[in-house]
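These protein sequence lines map, in sequence, to chains A, B and C. Numbered according to the working numbering, the first sequence terminates at residue 836, and the numbering increases by one at each position without gaps. Numbered according to the working numbering, the second sequence terminates at residue 790, and the numbering increases by one at each position without gaps. Numbered according to the working numbering, the third sequence terminates at residue 249, and the numbering increases by one at each position without gaps.
These are computed hints drawn from the structure, not numbers from a lab. Check the hints yourself; a few may be wrong.
Just a sample of chain C residues kept apart from chain A, beta carbon distances all over 12 Å, derived [claimed, not checked]:
1. D26
2. S43
3. N78
4. E129
5. P162
6. R235
DSSO-like mimics (lysine-lysine), calculated; alpha carbons at most 27 Å apart, straight line [said to hold, decoys possible]:
7. K139(C) with K649(A)
8. K787(B) with K649(A)
9. K819(A) with K139(C)
Glycine included, each C-beta is placed from N, C-alpha and C at the ideal position.
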Amino acid sequence: MNYNWDWGVLIREPYFEWLVSGFLWTISVSVAAWILAFSLGSVVGIARTTNSKLLRGIGTCYVETFRNIPLLVQMFLWYFVFPELLPEDAGMWVKRELPMPEFTTAVVCLGLYTASRVAEQVRAGIEAIGQGQRNAGLAMGLTPAQVYRYVLLPVSYRIIVPPLTSEFLTIFKNSSLALTIGVLETTAQARQIEEYTFQGFEAFTAATLLYIIVTSTVMLLMKLIEGRLRIPGMISLGAK
Amino acid sequence: MFGEFDTSVIFDNLHFLLEGMQTTLILTVIAICGGLVLGTLLALARLAPFKPLSFIAGSYVNFFRSMPLILVIFWFYFLVPHIVGRPVGGFYSVLVAFVMFEAAYYCEIMRAGIQSVRKGQIYAGQALGLTYTQNMRYVVLPQAFRNMVPILMTQAIILFQDTSLVYVVGVKDFLVSADLVANRENRILEMFTTVALVYFVICLSGSLLVRRLQRKFAQ
Amino acid sequence: MIELKNVSKWYDEFQVLNDCSTQVAKGEVVVVCGPSGSGKSTLIKCVNGLEAFQKGEIYVDGTSVGDAGTNLPQLRSHIGMVFQNFELFPHISVTENIKLAQLKVLGRSDDESQQNAARLLERVGLSDQADKHPAQLSGGQQQRVAIARALAMDPVAMLFDEPTSALDPEMINEVLDVMVELATDGMTMMVVTHEMGFARRVADRVIFMDEGRIEEDCSKEEFFNSERGERAQIFLSKILEH
Numbered sequence: 597m598n599y600n601w602d603w604g605v606l607i608r609e610p611y612f613e614w615l616v617s618g619f620l621w622t623i624s625v626s627v628a629a630w631i632l633a634f635s636l637g638s639v640v641g642i643a644r645t646t647n648s649k650l651l652r653g654i655g656t657c658y659v660e661t662f663r664n665i666p667l668l669v670q671m672f673l674w675y676f677v678f679p680e681l682l683p684e685d686a687g688m689w690v691k692r693e694l695p696m697p698e699f700t701t702a703v704v705c706l707g708l709y710t711a712s713r714v715a716e717q718v719r720a721g722i723e724a725i726g727q728g729q730r731n732a733g734l735a736m737g738l739t740p741a742q743v744y745r746y747v748l749l750p751v752s753y754r755i756i757v758p759p760l761t762s763e764f765l766t767i768f769k770n771s772s773l774a775l776t777i778g779v780l781e782t783t784a785q786a787r788q789i790e791e792y793t794f795q796g797f798e799a800f801t802a803a804t805l806l807y808i809i810v811t812s813t814v815m816l817l818m819k820l821i822e823g824r825l826r827i828p829g830m831i832s833l834g835a836k
Numbered sequence: 572m573f574g575e576f577d578t579s580v581i582f583d584n585l586h587f588l589l590e591g592m593q594t595t596l597i598l599t600v601i602a603i604c605g606g607l608v609l610g611t612l613l614a615l616a617r618l619a620p621f622k623p624l625s626f627i628a629g630s631y632v633n634f635f636r637s638m639p640l641i642l643v644i645f646w647f648y649f650l651v652p653h654i655v656g657r658p659v660g661g662f663y664s665v666l667v668a669f670v671m672f673e674a675a676y677y678c679e680i681m682r683a684g685i686q687s688v689r690k691g692q693i694y695a696g697q698a699l700g701l702t703y704t705q706n707m708r709y710v711v712l713p714q715a716f717r718n719m720v721p722i723l724m725t726q727a728i729i730l731f732q733d734t735s736l737v738y739v740v741g742v743k744d745f746l747v748s749a750d751l752v753a754n755r756e757n758r759i760l761e762m763f764t765t766v767a768l769v770y771f772v773i774c775l776s777g778s779l780l781v782r783r784l785q786r787k788f789a790q
Numbered sequence: 008m009i010e011l012k013n014v015s016k017w018y019d020e021f022q023v024l025n026d027c028s029t030q031v032a033k034g035e036v037v038v039v040c041g042p043s044g045s046g047k048s049t050l051i052k053c054v055n056g057l058e059a060f061q062k063g064e065i066y067v068d069g070t071s072v073g074d075a076g077t078n079l080p081q082l083r084s085h086i087g088m089v090f091q092n093f094e095l096f097p098h099i100s101v102t103e104n105i106k107l108a109q110l111k112v113l114g115r116s117d118d119e120s121q122q123n124a125a126r127l128l129e130r131v132g133l134s135d136q137a138d139k140h141p142a143q144l145s146g147g148q149q150q151r152v153a154i155a156r157a158l159a160m161d162p163v164a165m166l167f168d169e170p171t172s173a174l175d176p177e178m179i180n181e182v183l184d185v186m187v188e189l190a191t192d193g194m195t196m197m198v199v200t201h202e203m204g205f206a207r208r209v210a211d212r213v214i215f216m217d218e219g220r221i222e223e224d225c226s227k228e229e230f231f232n233s234e235r236g237e238r239a240q241i242f243l244s245k246i247l248e249h
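Chain A with its partners taken away, still in its complex shape (with noise of 0.2 Å):
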């Protein structure tokens, strides 16, 4: 294996400026989607516990579509067919006017998709719960909206944390879906720096060390998050 090491390429401009920018994208993304797909999740979740059928049938329905579809396709999707589908003047505004077309599809496109995944862990940490506490919240008095204001989801999200945090890791991992439709995020931007300079190595090494830094201070984070949120006398909530 012959390979012309020059790990200076990472300081040098642009690529520098690259890396920064790409690295900027990444959270931006996974952010901004994050927080659509964390509190369209916790609306579809609760309806899927909820005593309606119509409520469960459509909380179904969504999980089931979204994630039986590969996030490639659902990419595809939005930024190709969806306009072509909206009437005339709506397509038109979509295709010509939207605001940071890319950014702004690739948001949609991985809140709705991961939106189904929180959706999955609400639900199991509401049905971890069981029927006794809601019976309680009920007997007294409470109607059912406020029992889950009050009884079930301020223990179910604790109970969910873990989950939800692999959840952030997972939006923030497929944010580098977004250079399939031109976002230049850290992957794209390393991939970039290769084609550029040839040097793989080094590019794709900076970029797996920004994932692999984010990554760890989410977890470090949590597990201090989730020590705070901890229920004094508690010593499992008992989700799987």
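Please build the complex by placing chains B and C on the supplied structure of chain A, with the hints as guidance.
Chains B and C only, in chain A's frame:
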């Protein structure tokens, strides 16, 4: 719009699309088998009493689980020809990438499966005079595999979906074939809708099967 | 106060309640007993609408429970309920458990709720545990908090669903003592339990259920002293053996 939805483009290119699907399936099957073998070895190493071995296996798993699959594909697309010393083509490099990447995930599934076997079973095996390897082979692994079947199948469905990422290095799988037809015939709407539908039907059937199995095992 | 008329309930094909009728007058204490699976827990959960029933009628304080137009949360806020597994809310302190429904359902002020909580904790003998979380208490203590939590709503009647079956033997009496005190204070109570000692001490009537049917419904004296049906006799001999 749907009024102009032209299904003939699918049938005209059916052979080409099926070839793509064949590549997707071959990739999936080999990645599952390779990942399973490597993943089991890793899991055994991770649970081994010999500390350095378990540390190395643990680092391998954490390393691959921190990285996006696309980056792993790029890594191996770049590395494999360098290591082999000659160009090998996209297919073989993504094959290596998938086996290495999936192994990390299979390892974690295995580890959880092995740890789901009750400690009492291990003691019972030891009390009968079985060696560590015998105990693993005849007592622990058979039980562990049964606990893991549904999760392994779910992972297989995820892997089947993930193979579409070979798009980034242009390996002609189902999605890339459809993409080529879409651009050649200017039929983006038809082709991508079809691709989504095909994946959806296959994956949904798979997940329904998994759920049936889960219910069967739960009884 | 509580009136059940010909109540029947099915889970799919399986009938869990079969034409059950009885009533609990104001100030009366009624004990419901029977083998497991006899439908007694289901029956008591029908009273405050936690379980739906398909046939018959239930009235609490004149309000029909099964009527679709009934405001169930409002109805339930007048009926206290104590569960087999305590069901205190694990994420908030003992005091907050007692305050929650006072604040959110009755709309009482924070001060008033706080005072009620303190008074009731004293009544069940747990003032020193006020700021702990449920999981830091023993089972018997948790169940006494659960009773205090139900009393905080100033209920017109109390429902007990096997309140001592999940407890270690040495903790059963501390809970029963609180219940006896409530009964002597004149609270209307419907109690699903196997504690026949409790029934002998404070019950006005005893209901025996088997296979979803009310087999016996008579005064305590009749139940313990006179001839009863065969099934009730077998049941009693089983639980009184030890």
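Problem - Numbers of the earlier hints that this structure fails to satisfy, in rising order - result: Going through the list in order, the structure violates hints 3, 5 and 7 and respects the others.
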